[in-house]
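The residues making up each chain are set out below.
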Amino acid sequence: MEAAHASVRRARPLLGTFVEIAVAGATISAMEAAVEAAFAAVATVHWLMSFHEATSDVSRLNRDAWSGAIMVHGWTYQVLETALDLNRRSAGMFDVAVAPALQDMGLLPRGPDLSSASPSPRLPSGRLRPSTTGYGEGRGEGAFPQARTRGEPPSPAPTLPSPADGGGKGGGDLSPQARRGEGCGQFRLPGDAYDAIQLLPENHVRFAHRGVNIDLGGIAKGFAVDRAIEALRHRGIAEGLVNAGGDLAAFGPRRHPVDIRDPRHPDRPMCHVVLSNAALASSAGQYDPSRSDRPSSSAIVDPLTGRPSHTIRGATVCAPCCVIADALTKVVVNAGEGAAALLEHYGASALFVSAQGRVHVTTDWRNEVRFAA
Amino acid sequence: MTNWVRFSLPAMAVASIASPALAVQYLTIDAAQKFAFPAANRFVENGGMTWKAQAGDKLLGLFVVDHVIGKHLYIDYAVALDPTGRVTRVEILQYRESYGGEVREPGWLAQFVGKTSGSPLKVGGDIRNISGATLSSLHVTEGVKRILATYGSRAR
Chain X
811 MEAAHASVRR ARPLLGTFVE IAVAGATISA MEAAVEAAFA AVATVHWLMS FHEATSDVSR
871 LNRDAWSGAI MVHGWTYQVL ETALDLNRRS AGMFDVAVAP ALQDMGLLPR GPDLSSASPS
931 PRLPSGRLRP STTGYGEGRG EGAFPQARTR GEPPSPAPTL PSPADGGGKG GGDLSPQARR
991 GEGCGQFRLP GDAYDAIQLL PENHVRFAHR GVNIDLGGIA KGFAVDRAIE ALRHRGIAEG
1051 LVNAGGDLAA FGPRRHPVDI RDPRHPDRPM CHVVLSNAAL ASSAGQYDPS RSDRPSSSAI
1111 VDPLTGRPSH TIRGATVCAP CCVIADALTK VVVNAGEGAA ALLEHYGASA LFVSAQGRVH
1171 VTTDWRNEVR FAA
Chain E
112 MTNWVRFSLP AMAVASIASP ALAVQYLTID AAQKFAFPAA NRFVENGGMT WKAQAGDKLL
172 GLFVVDHVIG KHLYIDYAVA LDPTGRVTRV EILQYRESYG GEVREPGWLA QFVGKTSGSP
232 LKVGGDIRNI SGATLSSLHV TEGVKRILAT YGSRAR
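Those protein sequence lines, which keep their order, are chains X and E. 1183 is the number that the numbering used here gives the last residue of the first sequence; the numbers go up by one with no jumps. 267 is the number that the numbering used here gives the last residue of the second sequence; the numbers go up by one with no jumps.
If we strip away everything but chain X, and leave its shape as in the complex, we get:
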C-alpha cells in the first residue's frame, strides 16, 4: 500500500500564469489522476475564456455575438452570469463588457459605429496587476489580460434600463439571473454590462451591439481555481490547494499559510494569513496615469468616503469561492471601503493598501491578518 501521508504537487503554465496544484491524503496514483483532472479543468477554462485564443468562447463572442446569439460552453455562461450579477451589485465597478467607446462615453453607446472589435486600449497591460517579475510589460500577461474595471464613477442612472434591442434567436430574454433582484446596499443599478450582454436560454449569448467586447481576465482565473478544486473533490481527494498565480483556494483539514505581497514593493511580503476551506485573491491596483485613456477623469469616487480609488494600490479578498474572491478584488480596488456591503453580501473579507501605506482590513478579518512589520 502506498504511503498515506504522501503528497503530490505540480505546476504548469496556464491562464497566463503558473498554476500549482497540491494534494495530500490519498494514494499516489489517486492523487496523480486527480491532479491531472484538475489541470484538465483549468486548461478547459483557459481555452474557453482566453482573450487571445481565436477559437475561445470569448473570442467568438467578441467577433460575432453582436450579430446573433452564440452558443457557449456552460462554464462560460456561468462566468458571464456571475460577472453580470457582480456588475449589477457593484454599480458597474466590476465590468467585463466595456468596449473602448463605451468606456469613453460612460454609459450605453448608441450607435454601432464602434468599428473595432479590437481589444480595449488599456489592455493587455496588466494595469491592475503589474508584474512583480518584470514579465508583465506589453502583452506579458499572456492569455489573461486583466479585467476591465470601470474608469469612471458609478452611473447616476436611477432607473432600470431596458434592454437595448430585443436581440437574438432566443427571443431576447434576459436570464433570470440578469433580471433578478436589486443592487444591494448603497449601490445603484448601472445598466451597462447588464444591457450589453444578453444571456439567452440554452447557453446562448448575444451582445447588444458591435462595440461590446468582453474580457474575462478578472474573473476566469478564480473560476478556473474553483473548477480545479471541484475536480479534486469529485475524485475523492480529502485535501488540496490550487494556486493560479496568487488566486488560490484550499479545502480539507489543513490550514495553509499565505503571504500577501506588498503592492508597493511586490517582491516583499506585507502580511500573512492562514487559509482554510476558502479562497483568496489579490489585485495590485497600481494606478498608472500614463496608461489611462482617461487621465482627467481618473477619480473613481468611493461612495462612502468620497476618496478616489486610484489611491488604492492593492487589494486582497477572502471569499467562499475563488471566482468571487477574484472578481471582488477589482471592486475593492475601485471602491475601497465602499465595497463593504458587497463583501458582506458574498460572505467575503478584504484588505486593501492605500498609496499612503495605510492598510484597511475588514473587522471580521483583523485578527487573521498578521503584518510583517
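A few of these clues could be false.
Derived lysine to aspartate or glutamate pairs resembling EDC-like cross-links, with alpha carbons at most 16 Å apart [what the hints assert, rightly or not]:
id	chain 1	residue 1	chain 2	residue 2
1	E	Lys-256	E	Asp-177
2	E	Lys-145	X	Glu-846
3	E	Lys-145	E	Glu-156
4	E	Lys-145	E	Asp-193
5	E	Lys-145	X	Glu-842
6	E	Lys-256	X	Glu-863
7	E	Lys-163	E	Asp-141
8	E	Lys-163	E	Asp-193
9	E	Lys-256	E	Asp-193
Computed beta-carbon distance windows for the label pairs [stated by the list, open to error]:
id	chain 1	residue 1	chain 2	residue 2	range
10	E	Leu-170	X	Asn-1177	25 to 35 Å
11	X	Ala-1048	E	Thr-199	50 to 60 Å
12	E	Phe-118	X	Arg-1065	20 to 30 Å
13	E	Val-155	X	Glu-842	23 to 33 Å
14	E	Met-160	X	Met-881	25 to 35 Å
15	E	Thr-195	X	His-862	36 to 46 Å
16	X	Ala-1048	E	Gly-167	36 to 46 Å
Since the hints were made in silico from the structure, they are not lab data. Don't be surprised by glycine CBs; every beta carbon is placed ideally from N, CA and C.
Once you've looked at the hints, dock chain E against the given chain X.
Here is chain E on its own, set in the frame of chain X:
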C-alpha cells in the same frame, strides 16, 4: 455590517536585496519523463537536454528540458512533443521565487506571531503560497514556442 479597521504600514525604505529565497522542486527530470511518456521504456539522450522517448525501437516523442531566467525568477520546465511535433505536455520542474532579502532575517520571521504548524517560511524548503500581483508565465510560453520551432520538426 462590514466595517474596516486601519493600520499604518512602515515605509520600508530599506533597499531590497532581490535574491532567490525560495524554491520548489515539483518533478525531477526522470519523473517528468515517465509522466509525459508512460508507455516509454527508455529515454535516449539526444543532446542539448533533449531525449527521445522510445518503446523499444518505436519513437513515442521528444522530451525537452529548458529554463527561463527573468528578473526574479528562474524556472526549469519540460516540454513533451509527440512524433508529429505537437506539444503534449508542459510541466514546471523547478521554480524559484525571489522574495526579497527580508525573509532570511530571523527578526523578520519572528514578526509572524501566532503562526501555525507546518513551519511557514522555511527558506529553501517548502515554499509558501503567495498572493499578490500575478506572476506572468510569458517567458515559459515563449520558451515553449522556441522549443516547438527548434524541435517540432525534429520530433518526427
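Exercise. In ascending order, which of the hints set out earlier in this document are inconsistent with the structure?
Worked result: When the structure is compared with the hints, numbers 10, 11, 14, 15 turn out to be violated.
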